[in-house]
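Student: Below are the chains, spelled out letter by letter.
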Amino acid sequence: MSTVPLETVAADAVPAIEGRAPLRLAMDRLRRDRVAIACAVVILLLVVTALAAPLIAHLTGHDPTTQYRDTGLTPAGLPVGPNRQFWFGTDNLGRDVFIRVVYGTRISLLVGVVSTVLAIVAGVVVGVTAGYFQGAVDTVLARFMDVVLSLPFLLFAIALVAVAGPSIVVSVCVIAFFSFAAVGRIVRGQTLSIREREYIEAARSLGASDLRIMAVDVVPNLIAPVIVYTTLLIPTAIVFEATLSFLGMGVVPPTPTWGNMLSDSLQYYQVAWWFILFPGLALLITTLAFNLLGDSVRDALDPSTFTSASVKSRS
Amino acid sequence: MTDNEVLLQAIDVVKHFAVRRRGPHVRAVDGVSLTVHSGETVGLVGETGCGKSTLARCIARLYELSSGRVVFEGRDITRLSRRRLAPVRRNLQMIFQDPYGSLNPRRRVGSIIGDPLAIHDVADGRDRRRRVQELMELVGLNPEHYNRYPAEFSGGQRQRIGVARAVALRPRLIVCDEPVSALDVSIQAQIINLLDDLKDQLGIAYVFISHDLSVVRHVSDRVAVMYLGQIVETAAAEDLYARPRHPYTVALLSATPVADPDLADRRTPILLTGDVPSPVDPPSGCRFHPRCPKARERCRIEAPALESRTPGEDTHLTACHFPVHDPAELMAS
Ligand SMILES: Nc1ncnc2c1ncn2[C@@H]1O[C@H](COP(=O)(O)OP(=O)(O)OP(=O)(O)O)[C@@H](O)[C@H]1O
Ligand code: SF4
Ligand SMILES: [Mg+2]
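Residue numbers (full-length UniProt numbering), protein chains in the order written: chain A, 1 to 315; chain B, 1 to 333.
Honestly, I wouldn't trust all of these hints.
Ranges between beta-carbon positions, derived for each pair [stated by the list, open to error]: (1) Ser81(B) / Leu192(A): 36 to 42 Å; (2) Val88(B) / Leu151(A): 47 to 53 Å; (3) Arg143(A) / Ser278(B): 54 to 60 Å.
Reference excerpt, derived from the structure (chain A facing chain B, CB under 10 Å, subset only) [as the list claims (entries may be wrong)]: (4) Gln67; (5) Tyr68; (6) Asp70; (7) Ala162; (8) Val163; (9) Ala164; (10) Arg195; (11) Glu198; (12) Ile200; (13) Arg204; (14) Leu206; (15) Arg212; (16) Asp217; (17) Pro220.
Over 10 Å on every C-beta distance to chain B, these chain A residues come out as not near it, computed from the model [unchecked claim]: (18) Leu45; (19) Val125; (20) Gln134; (21) Leu149; (22) Leu151; (23) Arg197; (24) Glu201; (25) Ala208; (26) Val216; (27) Asp264; (28) Gln270.
Hints are computed from structural coordinates only; laboratory data are not their basis.
Ideal Cβ positions, reconstructed from N, Cα and C, are used throughout, including at glycine.
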């Protein structure tokens, strides 16, 4: 095979970007992207914080729910500002804001990741099924996703929580339900084009079942959009959870979450800036890190947005 | 090389596509009958759009037929459900034209070639890996490239991957839909030789599709020429190339380059005038009549049957009222 025709070389060049170990190429690009590296480091720190929360609490000797009425409140009963004992100050009940923010990381990441995974799985299953089978199945599923997407989700989320009662499980389910349709629609569109490829017909000519074709030939081609969507859905889910908690519809107090801390702080922010600042900052940094990483991942996976200009501006 | 057992019979196969819900259909394949004996290669030739791929997909039961029947190994498979069809596919495989499109870019070639073994529960795990590597060797690929992605191969190598996948189960018939058309000429010969070797080694029969008569010539025992959804002439390969009877075949042959300079001198290409008519609304009578240099009044009215037109040539069938006996008569006109 020494004489490779010109056409072959040209045609080879195109799929090479997305075809040849596509994820490895994307990883190479990400490694050269400083913003992505920084975001990954931040996210790693967040994960470590969440996992090590009991250890951190142990080291500081503080508990997230204990009310330190003697040391954590002024004689007038107001929160104490940041000091050596309470690094981020205390809240209106004399609890340690630092430890509560640390513990809030657990809820945020847990809800963010679990509801995103659920949404992705549901979105891929529904989207692939609709796009692969087309016809009546597609009509029903696509309409359903359109309906979910057009619902005023916060209103419905609140209504659902009001019926089911607030809890972490309900929060996760509600968030996943209102996120899966966006994934499902993207996946359905991709599946519609994938199923027309000749390799799908080849699989059929081999006698493969529909289930096998979907699992073996369709889904692997969805990895790129799924990765991008995962990194972009997590921060949305985290904000969603914070919003529910803020409204008292999420995780039940006294379990600390950034959302219910922000909600509690509203009445005190004039006298205790630390009370609102630190949970707010934690939420901001987390969502920013995931969003920026998501953008970088998308750029790295999508060769069409990958230009030398974008490399330069990033590095 | 050919024993006389009939392997595949396509009987009056019709495939129409509804382009819009109401309105005319595309008559892609319009009454084709074709027989393939075991171990035999049948070449199927015709211009682009004449329905070769559609016929191939009907034979491989990737399409539901509009009408007609497909009989494989003596069994009518026309209406078999996909599940019932699966075991039939062990003996009836297909190779596709596009070596890029027919391989999933996200899967490693080892897994692609192992697909038929996995689907039909033939081999698992290390056994499968070993058999896939044997297959890679058989088709001239480096077995160490087991874990590579299709994009890491050239067009010719990719077509070898497609061939390995098709022969994995040792099928009795492979429908090859223009297996070399997308390849460079030097590589075309390699793939054709490979298919020929496999035929000798494994006793596979082929339906070999091409738009190029010269490609089909070397591999085929019999050749069928297709025009606008129908077979216009079929004969043993040597017979067809030596004594083409249908004006369309004569025209096609005159346009294909020949290596022999003597022959080339004697042949001036017969230029077919006009475009291929649309299969949505094919011409009346003989479908070739608007472009046929020999067309007469009768051709416009009466469709010629595909039958023997010369006494003693029982296997040479021509669908023409006025078959050609001396190609020179066409060139003169
Ligand atoms: N799915 C389809 N829907 C509608 N029309 C189709 C479809 N597939 C093929 N056709 C039409 O049927 C006719 C025959 O197509 P087919 O692909 O079988 O031709 P072909 O001989 O294989 O041509 P080529 O040499 O270009 O591959 C063409 O006019 C084509 O436009
Ligand atoms: S039947 Fe008439 S039009 Fe058709 S090929 Fe023969 S001579 Fe030409
Ligand atoms: Mg074709």
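Student: All hints, please: hold or fail.
Tutor: Structure-based check of all given hints:
In this structure, Ser81(B) and Leu192(A) break the distance hint of 36 to 42 Å, their C-beta atoms being roughly 25 Å apart. Between Val88(B) and Leu151(A) the beta carbon distance is about 48 Å. The supplied range of 47 to 53 Å therefore holds. Here the CB-CB span from Arg143(A) to Ser278(B) is close to 37 Å, at odds with the stated 54 to 60 Å. Annotation: interface hint on Gln67(A) violated; nearest CB of chain B at approximately 55 Å, more than 10 Å.
Hint status for Tyr68(A) relative to chain B: violated, with the closest Cβ pair at about 56 Å, above 10 Å. Taking 10 Å as the C-beta contact cut-off toward chain B, the hint placing Asp70(A) at the interface is violated, the least distance being around 62 Å. The criterion of a C-beta within 10 Å of any C-beta in chain B is not met by Ala162(A), whose closest approach is roughly 44 Å, and the hint is violated. About 43 Å separates the beta-carbon of Val163(A) from the nearest beta-carbon of chain B, more than 10 Å, and the hint is not met.
At about 40 Å, the closest approach between the beta carbon of Ala164(A) and any beta carbon in chain B exceeds 10 Å, and the interface hint on this residue is violated. For Arg195(A), the suggested interface contact is broken, since its CB lies about 12 Å from the closest CB of chain B, more than 10 Å. The interface hint given for Glu198(A) is met, as the beta carbon of that residue sits about 4 Å from the closest beta carbon of chain B, less than 10 Å. Against a cut-off of 10 Å between C-beta atoms, the interface hint on Ile200(A) holds, since the closest Cβ of chain B lies about 8 Å away.
Checking Arg204(A) against chain B by beta carbon gives a least distance of about 6 Å; that is within 10 Å, so the hint holds. With a cut of 10 Å, the hint placing Leu206(A) at the interface with chain B holds, because the nearest CB-to-CB distance is about 5 Å. Restraint check, Arg212(A) versus chain B: the minimum CB separation of about 7 Å is within 10 Å; hint holds. The interface hint given for Asp217(A) is met, as the beta carbon of that residue sits about 5 Å from the closest beta carbon of chain B, less than 10 Å.
Restraint check, Pro220(A) versus chain B: the minimum CB separation of about 4 Å is within 10 Å; hint holds. Once the 10 Å rule is applied to beta carbons, Leu45(A) is consistent with being away from chain B; the minimum gap is 33 Å. Every Cβ of chain B is farther than 10 Å from the Cβ of Val125(A); the closest lies at roughly 19 Å, confirming the non-interface assignment. At roughly 15 Å, the least C-beta separation between Gln134(A) and chain B is larger than 10 Å, which holds for a residue marked as non-interface.
Annotated as non-interface, Leu149(A) keeps its C-beta farther than 10 Å from every C-beta of chain B; the closest such distance is 28 Å. Non-interface call for Leu151(A) relative to chain B: holds, since the shortest CB-CB distance, roughly 33 Å, exceeds 10 Å. Residue placement check: Arg197(A) does not keep its beta carbon more than 10 Å from all beta carbons of chain B (closest about 6 Å). Distance check on Glu201(A): its Cβ comes as close as 6 Å (rounded) to a Cβ of chain B, failing to clear the 10 Å threshold; non-interface status is violated.
Once the 10 Å rule is applied to beta carbons, Ala208(A) is inconsistent with being away from chain B; the minimum gap is 5 Å. Against chain B, the non-interface label of Val216(A) is violated: not every CB pair exceeds 10 Å, the least being about 8 Å. The non-interface label for Asp264(A) is consistent with chain B: the shortest C-beta to C-beta separation is roughly 49 Å, beyond 10 Å. Every Cβ of chain B is farther than 10 Å from the Cβ of Gln270(A); the closest lies at roughly 57 Å, confirming the non-interface assignment.
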